[in-house]
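Trainee: Spelled out from the first residue to the last, the chains are:
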Amino acid sequence: MSAIDLVIGPQHPALHEPERFVFKVEGETVVDVEPRIGYVHRGIEKALENRDYVTGLYLAERVCGICNVAHSLCFVQAMEDICGIEPPERAKYLRVVAHELNRIHSHLLLLGVAGELLGFMTLFMLIWRDREDVMDLIERLTGNRVNSAFNVVGGVRRDLDPKLAEDLKKVLERLKAKVKRYREVFAEDPTIRARTVGVGLLSRSRAIDLCAVGPTCRASGVKADVREYRPYAAYEDLDFKLVWYEEGDVWARLMARVDETIEAIELVERALEKMPSGPVRVKAPRTIPRGEGFSVVEAPRGDLNYHVYGKGDVKPDRVKIRTPTYANIPAVCEMFKGGYIADIPATLVSIDPCFACTDRVTLVDMEKGTRRTVSVTELLRRR
Amino acid sequence: MVGLPSMLKEVLSNVFKRPFTVKYPYQRLEPPDGFRGRHAVDWSKCIGCGVCARDCPAFAIELVEVEGRRYPLIDLAKCIFCYQCADSCPRGAITPTKVFELATWRKEDLLVKPEKYEA
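Residue numbers (the working numbering), protein chains in the order written: chain V, 1 to 383; chain P, 1 to 119.
With the rest of the complex left out, here is chain V (with noise of 0.2 Å):
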């Protein structure tokens, strides 16, 4: 039986953001795919290169609405590794809340979405109703819903007063007690069983061959993240636990999120706990020297790079930006590969794609039709 070509996309009921998939299929089963990235390219490479730091740092925020904190905090540290500024204990502490609160709500919305592609509405009805809960406490950290504009250079915008820090370990108390729930409801559930274990299958070999990263990884055996392996900010005093499966299904990459979700909640109550008073902000520059700045955070679809080049001036001379989505699109077309036409969606859900970050760079060569990634070392060996 020969092929055929089944298109996806770039609009299509299945995905929440316009991007091309062109599925090669032999009856029910896809035997390759071709993606075709770039429908949402914005230029904020470029762009960023036209605005000062100060302005900057807002447009970064921008790359992605769901991981803004990762985003803000990359570039913000890339910054200080350039300019030689350590932002103050208490900032440090409170970059972890806001980065874990994050977290927080990006995975819950991801386990809600992945509940409603494969047609549980009352999970998704459910977890979308409890991260409301940490979309107000982020609200009330940093002033906004979505985009916090919390981190900046040398510190961050505001303090916690005591009343919020109360507030926060009530709310993730009762979080965690609920999420506790849904990780049963993940791990039991026949309906949810069915239409994961076993589908879109990462071997341990191939994900660490395609630089998957993030849960991704973590789902199929790779011990690898950035909070352990790089610490930043404070987790290094955080005692952090890495979360990581060994199946390498769809399964395996929902479960490492919803444990991952406890263990950002665990994060967030030891931060608040640990937290030194002090100054929050420290007095940065607007001038960023020459030089190179790079800085990796954990965001929570995987590793999110930034590599700045300063040229003594308030702009930067060149910004990289290489977001977790788009390093872990080789390893999406694997698991497609040998799969059902059904299970396409579970199989792209669980890889918590973010398209509108991944097109901010694409290296396709339209007429040759080919792409290319640039890993990490890649990245550290041409500094």
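The reader is advised that the hints may include incorrect statements.
Unchecked claim - Here are the simulated SDA-like cross-link-like pairs (lysine to any residue), alpha carbons at most 25 Å apart as the crow flies:
(1) P:Lys78 with V:Val314
(2) P:Lys17 with V:Asp136
(3) P:Lys23 with V:Thr122
(4) P:Lys78 with V:Arg181
(5) V:Lys320 with V:Tyr39
(6) P:Lys17 with V:Glu173
(7) P:Lys98 with V:Tyr58
(8) V:Lys315 with P:Phe59
(9) P:Lys78 with P:Lys116
(10) V:Lys163 with P:Glu30
(11) V:Lys176 with P:Met7
(12) V:Lys169 with P:Phe35
(13) P:Lys107 with P:Ala77
(14) P:Lys9 with V:Pro190
Rather than coming from a laboratory, the hints here were simulated on the basis of the structure.
Just so it is clear, the structure is predicted and the values come from calculations on it, not from any experiment.
Model the placement of chain P on the given structure of chain V, informed by the hints.
Mentor: Below, chain P without anything else, positioned relative to chain V:
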């Protein structure tokens, strides 16, 4: 193995609960303290230095002349509510308010303008 779906209990208990959402225009939720809404500018504090206009990432602030002095004119239609302007202001003249319902019929309503300013 086919049994009762384990979430049935939650589903049934939610049938008898009040909805989680509120009937918005009739019942309002107050934004928290420190919410970044519409700007309030203390015009007597403003020295017309223009730092807010320089640092605005959305180019929403322009300086206008009123009675021989320069003042910022904030266009909320362009504003992204990051409050960098308040951060940069050397006199602390810009403060956030909790006003978030900014929908309007006329564009002029979206301007935070100095007293006695006429377009």
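Trainee: Can you confirm whether the C-alpha distance between V:Lys176 and P:Met7 stays at or below 25 Å?
Mentor: holds, 18 Å
Trainee: Is P:Lys78 within 25 Å of V:Arg181, Cα to Cα?
Mentor: Between P:Lys78 and V:Arg181 the Cα gap is close to 43 Å, so the pair fails against 25 Å, i.e. violated.
Trainee: Given the hint that P:Lys78 pairs with P:Lys116, test it: the Cα-Cα distance must not exceed 25 Å.
Mentor: Distance of about 22 Å is within 25 Å: holds.
Trainee: Quickly compare the C-alpha distance for V:Lys320 and V:Tyr39 to 25 Å and report which way the hint goes.
Mentor: holds, 19 Å
Trainee: Against the 25 Å threshold, does the CA-CA distance of P:Lys107 and P:Ala77 hold or violate the hint?
Mentor: Holds. P:Lys107 to P:Ala77 sits at ~8 Å (cutoff 25 Å).
Trainee: Next pair to validate is P:Lys17 with V:Asp136; report whether the Cα-Cα distance is within 25 Å.
Mentor: Holds. P:Lys17 to V:Asp136 sits at ~21 Å (cutoff 25 Å).
Trainee: If you draw a straight line from the CA of P:Lys9 to the CA of V:Pro190, is it 25 Å or shorter?
Mentor: holds, 16 Å
Trainee: Holds or violated: V:Lys315 with P:Phe59, Cα cutoff 25 Å?
Mentor: Since the Cα atoms of V:Lys315 and P:Phe59 sit roughly 16 Å apart, the hinted pair holds (cutoff 25 Å).
Trainee: Is the hinted pair V:Lys169 and P:Phe35 satisfied, with a Cα-Cα distance of at most 25 Å?
Mentor: Between V:Lys169 and P:Phe35 the Cα gap is close to 21 Å, so the pair holds against 25 Å.
Trainee: Mind checking the alpha carbons of P:Lys17 and V:Glu173 for me, to see if they're no more than 25 Å apart?
Mentor: With a Cα-Cα distance of about 22 Å, the restraint between P:Lys17 and V:Glu173 holds, given a limit of 25 Å.
Trainee: Quick one, are P:Lys23 and V:Thr122 close enough, alpha carbons at most 25 Å?
Mentor: Holds. P:Lys23 to V:Thr122 sits at ~22 Å (cutoff 25 Å).
Trainee: Under the criterion that the straight-line Cα-Cα distance not exceed 25 Å, is the pair V:Lys163, P:Glu30 satisfied?
Mentor: holds, 17 Å
Checked against the numbered hints given earlier, the structure breaks only hint 4 and satisfies all the rest.
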